[in-house]
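If you read the sequences in order, they're chains A and B.
Its first residue numbered 1, the first sequence is counted upward by one per residue in the numbering used here.
Its first residue numbered 1, the second sequence is counted upward by one per residue in the numbering used here.
Since the hints were made in silico from the structure, they are not lab data.
Some clues are possibly wrong.
[What the hints assert, rightly or not] Here are the simulated EDC-like pairs of lysine to aspartate or glutamate, each with C-alpha atoms no more than 20 angstroms apart in a straight line: (1) B/K251 <-> A/E136; (2) B/K252 <-> A/E315; (3) A/K70 <-> B/E325; (4) B/K251 <-> B/D282; (5) A/K142 <-> B/D282.
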Amino acid sequence: MATEIVMPKLGWTMEEGTLVEWKKQDGDRVSPGEIYMLVESDKSVNEIESFEEGILRKLPNGPNVGETVKVGTVIGYLLAPGEKAPFEKDAPSVQTSSAVAKPASAAAHEAGHQLAPVLRNGLPRISPRALRVARELGVDWKSLTGSGTSARILERDVRNAHARPAVAPQALAGPVSQPAGTAPKAPALTIAAAPAVVTPPSATRRLIAQRLQTSAQTTAAVTLTTEIDATELVKLREVLKTRTGYVVPAYTDLFAKICALSLRLHPAINASWTDGGIVARDGQDIGIAVQTDRGLLVPVLRSPATKSVATVATESAALIQQAREGTLGAGAMQGASATITNLGMFGVDGFTPIVNLPESAILGMGRIVPKVVVIDEATEKTAIRKMMVLSLTFDHRLVDGAPAAQFLATIREYAEQPYLWLTG
Amino acid sequence: MKELTYTAAAREALTEEMARDATIFVMGEGIGKRGGNFNTTAGLFDLYGGVRLCDTPITERGFIGLAVGAAMTGTRPVIDFMFVDFILDGMGEIMNQMAKMQYMSSGRLTMPVVLRGCIGIGGASATHHSGNYYAMFANVPGLRVVVPTTPADAKGLFKTALRGYDPVLFLEHKSLLNTKGPVPEEDVAIPFGVARIAREGHSVTVVALTVMVNRVLQVADTLEKEGISVEVIDPRTVSPLDTDTICASIKKTGRALVVDEAFAPCGIGAEIAARVMETAFDELDAPVRRLNGAFVPTPYSPPLESVIVPSNDAIATAIRDLVRE
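Chain A with its partners taken away, still in its complex shape (with noise of 0.2 angstroms):
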């Protein structure tokens, strides 16, 4: 009779695992002892090896090596010489074994843990009260998965999908960025004791507090600062106010240029998090939070890296009176790599931007204040530097601490010394 495999439980907590390495091929014999698959859990990869003889079967539909399932789900079978595996036709009944599988180093095996099967007919098992509830809501319940401990999809799980909404990349990489830490408050919370105005949320309100609100809860947000010496940056200012015929770039314009060429050499950062995987971005388009009457609209600057810092200027300036006076096409708000937003002139120096997904960082800049500065130490020489603080939020999903920090660094490298890049 047919044995399936699952997707075991390696330890009290482990809900899901991943499919590492088929040790075994699709039609490979094996014995009791033998090592027929890897499975990573908990960042660890752990050897399976097989209680049961038999004749291995990969489910045709079952996860590619890669793919992350939830514990019990079935991934194949194991078979007598000659028999069908149940996904054939005239297959003949199965036998669902917890016990098929243990980890080789078998200290975590929990035995007599109940694994049920999830799939039926390739769908997950769902309750007839979930099922009725999905087709009231228009919730599709074929990608959910079951909460309790029968596996099947519950009432629960469809409303809470419901509830929750649906988050397509489309929408993400819209019109809204979050200059400073200001969460937004959920419309629904009211303090019934106060006399308190209530006021209808726009719908650029409404849609900037779900996309920040998206981007707190589902980005693991990490936020570096650090100091610079913004004084040539400065300088490059004041020289070209005293002449004219040419173009005074902002601020941003020459952090959008900085950023856009930090980017390139950092591609890890120029990505997204996705349910499929990681989506690697080509081009550096540079997204510039600008605050309106209507909310915060992030036009996004195409390949400043690119472009003289005249260009980028002129069509930054053009981008943000558009965005003010409501002119902005959807277009012209999508598809940047990481956005920059600048709170300096309001005298902020460090703040935690959120990320604006799906880009997996922003940069804040802070005001640019003189300061005096320590130049050498030694001879105790100082100097009245601009200084200016960085603020840049990654998503550590996506990046670790010292790849970001090493992107933060070209930028000040570049902030601060401006010919490195004003001559390539």
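Given chain A's structure and the hints, the job is docking chain B onto it.
Showing chain B alone in chain A's frame:
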């Protein structure tokens, strides 16, 4: 309201109805001067005399047949079986005559007979004095099967039994006889086929029968502290069975457990599960579960007897498992 034991409440119903209706009379072993083995007729002999409280020999089939004939002539016999196990000696009379008589006579004859007695496991009564037979009787068309849990229900349902025209099995769990509870002062007849919501809750529906209602209520108080809100339903009559109240509760909770001391196979829990599946399938978030007494003859040994009936712990575990499912 007054506080009465279950037996006293049922006896009060009988006393009041016998005063109201002179056609009611009682037959049974030791129910006359002795007042019944369980005091079911205590004091009634002095009130109504030996004709209406008629002691019988140990001849169950004989006096059941006698009751059928008496009912056909327009009286209202109440047979007190003490232990319902011995009703089985007269099953031919009950199933072939009593239950079918109205049908066979095209309604010209009525059959207002009350067959009462103790059921249930408890007190080391052993296998001939511990049966729960309501599922078997519920399988017979023409019979009404009543299983009250509280003193108030015992009185109110007994009154309805004594005022109707159908044969009624009035089954009293022996562990309930001395339990006390509030009983209304006024004349209340409780209709058959209307379940009682013994406790409101929203996590899970537990349908419990007779003595198990009280156990489940105790367990529900414990589980409330764990955040599990149990709705407890006492059907009160298993024929007719109030499916509407059960399904309305499941509409709220999505989950149902039937707790019954009687056997699981072909039992009331099986009937409830089937009806819920038929009428409330789309409300179920989990399969209907059953918790029953063991499918064995009742042992005499008290330790063995105690493990064959659902304990408070077993009930709590079953509810917890169902809620997690």
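Verification of the supplied hints:
For the hint linking B/K251 to A/E136, the alpha-carbon distance of about 15 angstroms falls within 20 angstroms, and the restraint holds. Of the supplied pair hints, the one linking B/K252 and A/E315 is violated, its CA atoms being roughly 60 angstroms apart against a limit of 20 angstroms. Proposed proximity of A/K70 and B/E325 is supported: the alpha carbons are some 16 angstroms apart, at most 20 angstroms. Proposed proximity of B/K251 and B/D282 is supported: the alpha carbons are some 9 angstroms apart, at most 20 angstroms.
Restraint check for A/K142 and B/D282: the C-alpha separation of about 18 angstroms stays at or below 20 angstroms, so the hint holds.
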